[in-house]
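Number of protein chains: 2
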Amino acid sequence: MMTRQVWRLQRRPRGDIADGDLEFVEETVPEIAEGQVHVRVLYLSLDPTNRIWMSDMEQYMPPVGLGEPMRGGIVGRVVKSRNPAFAEGELVAGLGAWTDLLVSDGAGLQHMPELPGISIPQAFGTFGVVGPTAYFGLLEIGQPKPGETLVVSAAAGGVGQIVGQIGKLKGCRVIGIAGGAEKCRYVVEELGFDAAIDYKAEDVGAALDRLAPEGVDINFEQVGGPIMSAVLGRMKLFGRVPLCGLISTYNATDLVEEPGRWTLILMRRLTIRGFIVTDFAPRMGECLQALAGWMLEGKVKTRQDIRPGLDRADEWVKLLYSGGNFGKLLVQVSPE
Amino acid sequence: MMTRQVWRLQRRPRGDIADGDLEFVEETVPEIAEGQVHVRVLYLSLDPTNRIWMSDMEQYMPPVGLGEPMRGGIVGRVVKSRNPAFAEGELVAGLGAWTDLLVSDGAGLQHMPELPGISIPQAFGTFGVVGPTAYFGLLEIGQPKPGETLVVSAAAGGVGQIVGQIGKLKGCRVIGIAGGAEKCRYVVEELGFDAAIDYKAEDVGAALDRLAPEGVDINFEQVGGPIMSAVLGRMKLFGRVPLCGLISTYNATDLVEEPGRWTLILMRRLTIRGFIVTDFAPRMGECLQALAGWMLEGKVKTRQDIRPGLDRADEWVKLLYSGGNFGKLLVQVSPE
Numbered sequence: 018m019m020t021r022q023v024w025r026l027q028r029r030p031r032g033d034i035a036d037g038d039l040e041f042v043e044e045t046v047p048e049i050a051e052g053q054v055h056v057r058v059l060y061l062s063l064d065p066t067n068r069i070w071m072s073d074m075e076q077y078m079p080p081v082g083l084g085e086p087m088r089g090g091i092v093g094r095v096v097k098s099r100n101p102a103f104a105e106g107e108l109v110a111g112l113g114a115w116t117d118l119l120v121s122d123g124a125g126l127q128h129m130p131e132l133p134g135i136s137i138p139q140a141f142g143t144f145g146v147v148g149p150t151a152y153f154g155l156l157e158i159g160q161p162k163p164g165e166t167l168v169v170s171a172a173a174g175g176v177g178q179i180v181g182q183i184g185k186l187k188g189c190r191v192i193g194i195a196g197g198a199e200k201c202r203y204v205v206e207e208l209g210f211d212a213a214i215d216y217k218a219e220d221v222g223a224a225l226d227r228l229a230p231e232g233v234d235i236n237f238e239q240v241g242g243p244i245m246s247a248v249l250g251r252m253k254l255f256g257r258v259p260l261c262g263l264i265s266t267y268n269a270t271d272l273v274e275e276p277g278r279w280t281l282i283l284m285r286r287l288t289i290r291g292f293i294v295t296d297f298a299p300r301m302g303e304c305l306q307a308l309a310g311w312m313l314e315g316k317v318k319t320r321q322d323i324r325p326g327l328d329r330a331d332e333w334v335k336l337l338y339s340g341g342n343f344g345k346l347l348v349q350v351s352p353e
Numbered sequence: 018m019m020t021r022q023v024w025r026l027q028r029r030p031r032g033d034i035a036d037g038d039l040e041f042v043e044e045t046v047p048e049i050a051e052g053q054v055h056v057r058v059l060y061l062s063l064d065p066t067n068r069i070w071m072s073d074m075e076q077y078m079p080p081v082g083l084g085e086p087m088r089g090g091i092v093g094r095v096v097k098s099r100n101p102a103f104a105e106g107e108l109v110a111g112l113g114a115w116t117d118l119l120v121s122d123g124a125g126l127q128h129m130p131e132l133p134g135i136s137i138p139q140a141f142g143t144f145g146v147v148g149p150t151a152y153f154g155l156l157e158i159g160q161p162k163p164g165e166t167l168v169v170s171a172a173a174g175g176v177g178q179i180v181g182q183i184g185k186l187k188g189c190r191v192i193g194i195a196g197g198a199e200k201c202r203y204v205v206e207e208l209g210f211d212a213a214i215d216y217k218a219e220d221v222g223a224a225l226d227r228l229a230p231e232g233v234d235i236n237f238e239q240v241g242g243p244i245m246s247a248v249l250g251r252m253k254l255f256g257r258v259p260l261c262g263l264i265s266t267y268n269a270t271d272l273v274e275e276p277g278r279w280t281l282i283l284m285r286r287l288t289i290r291g292f293i294v295t296d297f298a299p300r301m302g303e304c305l306q307a308l309a310g311w312m313l314e315g316k317v318k319t320r321q322d323i324r325p326g327l328d329r330a331d332e333w334v335k336l337l338y339s340g341g342n343f344g345k346l347l348v349q350v351s352p353e
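Just so you know, the sequences run in chain order Y and G. Heads up, this note's numbering is the position in the first sequence plus 17, with the first residue counted as 1. Heads up, this note's numbering is the position in the second sequence plus 17, with the first residue counted as 1.
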């Protein structure tokens with residue numbers, strides 16, 4: 018009898034994720050059935066949206082059911098297959114669960130190419146979700162033009178670091194917003210952003226007035242709350258807002274949204290557009306080719322924040338909401 | 018010595034327009050200077066944006082200066098010209114002032130063709146501002162597709178009536194929101210909307226649940242406030258919101274905007290885009306050709322609400338904010 022470890026959602030969090038909301042269990046795995054694959058999970062992706070899936074708020078997929086394995090992005094190796102689409106030993110990635118052994122019918126899993134010069138966590142932590150999110154959100158919705166000013170919040174996070182670098186490739190002046198001097202230093206010195214604002218140390222609005230006195234053309238929005246409001250108030254005419262996330266609100270017990278900026282949107286003729294990366298699924302090939310090319314040429318660098326131990330995933334996921342991660346947050350579940 | 022009548026802005030309104038905010042004066046007109054035209058104004062267009070121009074809120078043009086003639090759209094005949102671009106007797110339209118005799122250097126005035134079968138107030142009240150606003154807002158931002166559900170607020174007003182009819186031409190199911198049984202009857206029976214909601218007599222949200230249980234694809238937004246909120250809450254995935262106006266807020270003494278719907282915009286991947294008709298100025302020819310064609314074929318009808326007397330313009334303009342007009346509001350300033 019094989020066993021596996023898995024996190025199951027036992028209770029919907031009220032506010033911050035609390036002990037007992039998720040339960041870590043060891044359980045036996047039934048014999049593999051026709052059409053199934055067993056995947057040894059190497060890395061688990063932790064993403065802001067995890068908190069949304071734990072809740073029953075309005076969302077873009079069904080929430081995780083109570084008692085069900087917690088949903089998450091994974092990369093791993095097929096260790097057993099009774100599904101002709103997957104060979105044993107193959108590297109696969111996709112939507113799975115917080116477990117070390119994924120039992121799947123293959124739906125939502127794709128073969129993951131192994132590229133020389135790009136490690137598994139780097140490839141998974143770039144091409145899996147955050148790279149395409151940055152790519153489509155910035156290029157399709159943001160419509161960056163040379164000389165424009167792009168602001169990206171959560172700039173040292175998984176998506177933000179890529180948004181800023183693509184913005185630079187497109188000729189934009191890029192200002193990142195991040196928490197702490199080290200992250201700010203990183204996005205400017207290592208990634209080539211033009212400037213960074215440490216929201217923990219300075220007033221974001223005042224910093225924008227200094228760094229972008231003419232205003233902001235594109236606000237790649239990931240956080241919501243007062244940081245979003247500070248940027249929105251400084252948008253230029255015909256500005257664009259790819260609305261990618263609202264992480265500051267995900268742990269709210271009673272959702273109090275920032276005031277509408279309807280008059281501002283009207284008078285400055287802004288475009289606000291919400292999106293989820295899967296909206297662009299039919300164009301994924303184009304995106305992955307561009308991202309891989311930029312990475313191999315050294316034009317886009319990505320940083321992963323790899324934490325050890327599936328049994329601590331409930332602790333690591335909270336880093337996302339406190340700003341404790343630095344780069345794309347992954348959990349190493351099994352040794353490569 | 019010639020004289021003219023003119024409304025001058027004496028004080029910025031606080032809340033509703035009050036006596037003394039605008040002053041009606043008779044004044045002498047200096048001899049025409051080189052480059053100028055004198056235009057006998059036939060009709061003055063009164064539009065929701067007039068209240069914005071009276072204020073010093075953030076807006077898309079400079080506000081009207083205190084002591085200056087009140088700005089407004091006009092159509093009239095050139096009675097004197099020392100500008101080679103304009104011939105005496107010619108019909109012109111454009112941005113002018115609340116006056117019976119416009120003194121202009123020609124900037125913002127265009128020659129207006131006289132079309133057989135379309136009266137001057139009908140042409141001016143359709144092609145001047147409201148037609149292009151409806152055309153570009155719906156077609157460019159709304160992106161209507163056959164079978165989609167389109168909701169338009171202020172449905173019996175200048176813009177709304179045209180939006181709904183173009184929506185029908187594009188194969189949409191069109192629901193108008195208007196105040197009073199007569200306007201609702203009009204948009205359904207005379208203009209061919211599929212349904213209308215009388216916001217003075219029924220709860221807009223409940224009516225939408227009944228009339229559009231699947232939700233709304235396009236919300237052509239003109240009013241803001243609780244009516245906007247009712248529609249936004251019922252948007253479908255990938256819905257579009259051409260944000261054309263927020264008339265319910267223009268008389269507010271302290272701007273309290275509707276709550277942001279940031280989570281909704283994100284999860285349903287809505288597009289919200291503010292616009293002003295002049296944003297589409299380079300494409301005006303295409304629009305006027307399409308509108309005139311539809312009108313001459315009887316596919317688009319427009320209704321004007323023509324009130325007599327320039328001296329009562331301050332009274333007529335208030336109809337816009339109380340919902341007292343029925344069709345595009347014009348003032349007959351001089352006999353044709």
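Because the hints were derived from the structure by calculation, they are not lab data. The reader is advised that the hints may include incorrect statements.
Any copy, or any two copies together, can satisfy a pair, since identical chains are not distinguished.
[Said to hold, decoys possible] Calculated pairs, DSBU-like style, for lysine-lysine (alpha carbon to alpha carbon, straight line, at most 35 Å):
#1 162 - 253
#2 185 - 97
#3 217 - 187
#4 187 - 253
#5 97 - 217
#6 97 - 253
#7 187 - 162
#8 97 - 316
#9 335 - 185
#10 217 - 318
#11 187 - 335
#12 253 - 316
#13 162 - 97
#14 187 - 97
Results of checking the hints against the structure:
In this assembly of identical chains, the alpha carbons of residue 162 and residue 253 lie at most 35 Å apart whether taken from the same copy (14 Å) or from different copies (31 Å). For a Cα distance limit of 35 Å, the shortest separation of residue 185 from residue 97 qualifies neither inside one copy, at 44 Å, nor across copies, at 56 Å. When the C-alpha separation of residue 217 and residue 187 is checked against a cutoff of 35 Å, the pair qualifies only within one copy, where the shortest distance is 29 Å, while the shortest distance between copies is 51 Å. Proximity of residue 187 to residue 253 under the C-alpha cut-off of 35 Å is found in both arrangements, the shortest distances being 19 Å within a copy and 33 Å between copies.
For the homomeric pair residue 97 and residue 217, neither the shortest alpha-carbon distance inside one copy (48 Å) nor that between copies (65 Å) is at most 35 Å. Taking CA atoms no more than 35 Å apart as the test, residue 97 paired with residue 253 passes in neither setting, with 55 Å inside one copy and 41 Å between copies. In the homo-oligomer, the alpha carbons of residue 187 and residue 162 lie at most 35 Å apart both inside one protomer (7 Å) and across protomers (33 Å), since each shortest distance falls under that limit. For the identical chains of this complex, residue 97 and residue 316 are neighbours neither inside a copy (38 Å) nor across copies (65 Å), given an alpha-carbon limit of 35 Å.
Taking identical chains as interchangeable, the C-alpha atoms of residue 335 and residue 185 lie at most 35 Å apart only when both belong to the same chain, with a minimum of 31 Å there against 50 Å between chains. Within a single copy, residue 217 and residue 318 get their C-alpha atoms as close as 25 Å, which meets the 35 Å cut-off; across copies the closest is 58 Å, which misses it. Proximity of residue 187 to residue 335 under the C-alpha cut-off of 35 Å is restricted to the intra-copy arrangement: shortest distance 34 Å within a copy versus 49 Å between copies. For a Cα distance limit of 35 Å, the shortest separation of residue 253 from residue 316 inside one copy, 28 Å, qualifies, whereas the shortest one across copies, 39 Å, does not.
Taking CA atoms no more than 35 Å apart as the test, residue 162 paired with residue 97 passes in neither setting, with 49 Å inside one copy and 47 Å between copies. In this homomeric assembly, residue 187 and residue 97 never come within 35 Å of each other (Cα to Cα): the closest approach is 44 Å inside a single copy and 53 Å across copies.
Hint compliance for this structure: hints 2, 5, 6, 8, 13, 14 are not met, and every other hint is.
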